[in-house]
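*Asks:* Listed in order, the protein sequences are those of chains A and B.
What the first sequence shows, in my numbering, is residues 34 to 361, in sequence order.
What the second sequence shows, in my numbering, is residues 35 to 499, in sequence order.
No lab work stands behind these hints: they were computed from the structure.
Glycine included, every Cβ here is placed at the ideal spot set by N, Cα and C.
Certain hints may be false.
Claimed, not checked - Stretch by stretch, here's where chain B covers chain A in the computed footprint (C-beta under 8 Å, at least three residues):
hint, segment
1, 113-122
2, 177-184
3, 222-229
4, 311-322
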Amino acid sequence: VIEFWASALALAILLYVLLDGFDLGIGILYGFARTETCKRHMVEAVAPIWDGNETWLVIAAAVLFGAFPLVYSLLLSAFYIPLVLLLGGLTLRSVAFEFREKSTRLKAVWDFGFTAGSFVAAFVQGCAVGALVMGLPNTNGRFTGGAFFWAKPFPILCGLGLSLGYALIGAAWLIRKTDGDLRERSYRQALWLLAALGLFLVLAFIVALKLDLRVMNRWIERPILAIFPLIGIAGGGALVFGLGRRQDPLPFVGSVLLFLAAYGTLGASFLPYMVPFSITITDAAAPPASLSFLFWFAGIIVLPLTLIYTVVAYAVFRGKVRTDAEHY
Amino acid sequence: VSPLLLSRIQFAFTVSFHIIFPAFTIGLAAWLAFLETLRLATGRPLYRELFDFWLKIFAISFGLGVVSGIVMAFEFGTNWSELSLRTGPIQGPLLGYESFTAFALEASFFGVLIFGRKRVGAGFYLFSCIMVCLGTSLSAFWIMVNNSWMQWPTGYAVDARGLFVPTDWSAIIFSPAVWVRFPHMLLAAYITGAFCVAATGAWYVLGGRLHAQATAMLRMGLGLAAVLVPLQLFFGHLTGDFVHDKQPAKFAAIEGRWHDEKPAAEVIIALPDEKMETNHWQVAVPILGSLIASMRFDSKEVGLTDFSKDERPPVIIPFFAFRIMVGCGLIMLALAWYGSWLAARGHLYRKRWLLWTIFLSFPLGFIATLTGWFTSEVGRQPWIVYGQMKTAEGLTPSLSTPEVAFSLLLFAAIYLFIFLAGMTYIYRLLSIGPGAPAASGGTNPKRPLSVPGESPGVLVREENP
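Extracted from the complex, chain A is given alone in its bound form:
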């Protein structure tokens, strides 16, 4: 049952990163959009689905608390400030998202809130991952660091990197979902973002080498991990090809592959640890009585149901956003 919940958690986090990733990314790109038409199409490209995307964050938190209380209490207490900022950012953007339609005078304020909230949410997620890779100061699962232990160059670099990554997958989503000016613009942005992301990866790699992160040793110990960079290269290839040949669906597929590669690399180099090099998955797991209790309804009914719900929501919303809507 531990394996079941560990995979469920991994899946929930992956879905959150991919799904909320592109809509946070669109929120960031939104700040650079100049025309009202552009902004409106961006909003329409995420309107029906962004709330469902955030569901996966809450599911991840619920699984974490239910199945891995040790890690839940450690991570949430360690990342107090980033989490408060994350919740604040997510709320700000969701409120801004709705109020912008209803408001005539304060539109600029809501526009700013949408972008700022999206960026803050993306940035603190990246910081948290970076700090996690560097290691959480703790004794027996109790956090021993300071409030701003995560505010170091490497985590901040990761925060910027994840924001770039989200913006890239956001641009790729826009290419897939829209037409006309916005699509052209997104093609140009995606190219820049891809270059910037590549630069970030090189930079992060150099910093990681300098810091001599333990995660890096794993890659030497476990050559099988090379599969993930290969996936990443395939993703990058799909992106470059898709962007060059203007194949609308390809850049999104490529970005997803890039994220999968990064996620897989991290996850596989953590294993069997959940919090790298201090707490293993087995250490973190709740007693069998708790795990099986949770399994019989939440595990085999609700999780599949929520997955189906997500798939249906996306199926209903397939195809391009109709851009002729403005002429009715």
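On the provided structure of chain A, position chain B as indicated by the hints.
*Replies:* Below, chain B without anything else, positioned relative to chain A:
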């Protein structure tokens, strides 16, 4: 100011804001199922109008509950990491079940309610209404199981690391605490809903509009309350018995009883003084205290001074919160009975003072629910898990005052904002009233603010492309 106090204030604040919406939603879900049943049974279009109207309000309230609940899902870990570490094996699955129930509901029957009127048969639609009603109650059930476990822990063992490990889930779920406290909460939600419905009816009658719908709401709201409030007093009494038997310090604080008494007097009103360990300006009825607590004329009742100072709850909050709760209950009982009696005789719609009172009584259910929770939670102090773990032990050890001050301010701003926006939209819908054409087709559970009203921003854009 210590991080402990600020964390307690933050939790109290966020959970109090949150509970308003589920309490309303649970009551409304039952009300919707009731209306849909009536509609199927009688075929009167009036019930359909009322249903469509309250469904919109339900959708906003449900959404606000989900949005304000997201913070709660994180707060156990951020501020109470020791609690979630040590009791996580029990509280984690219970609270996890609550989230999962809510999601399962949202992903299935709630969608049918919002989008499915034309797509599914009438029977299945009614079934979905009933499932939503059951689902919201089930969500509340898990919260009550979890909270009752904190009030009266059972079915666990403490392992070598100090973790509370579940040994008997059925003892946890079927704890005697759950089965008096869960009905008490459920009835509170139903009564809150009933009074909101009746108050809305009274408002329209006072405004001289929507007569058919308004009188139906008044009659049904008051009628439901007339049955449910006495039942609630009964379950309140059972809950009191439970507290008397299992949590004597809380009971003594509620009663404002400082010393053992035999027979005990019942303090009706007073100003308790925790320093002097006495009450000022006390009005008390002799012997009644024994009668209420033990159903006997001569029982000895325990006073607060039996407990050492560090194991006593604060007195002022449970003492007054309890009296406000009971006061609201009694006012609602009087209004429900008198109003129903007049309505049955057809006099109600001319008694403007009574209609005004009913209209203004819409917050009573919310106030009673909140003060009931204050009594229960503050009365449990200084324990977070009664008799096993102090609240101070549950706090995140690494937390500093500025951190919590920052999060408290941010959450206060967020919640006030959500709350004001939500109230504005609900008020707008209420002032339009039932029977109006559906403004904006469907809605989305986690986007409560997207539901009602026009979008002037869109119109402007269309006029000036």
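*Asks:* Hints first: check each against the structure and report whether it holds.
*Replies:* How the hints compare with the structure:
1. 113-122: holds (count 6)
2. 177-184: holds (count 4)
3. 222-229: violated (count 0)
4. 311-322: It holds, with 3 qualifying residues against the three required.
Of the numbered hints listed earlier, the single one contradicted by the structure is hint 3.
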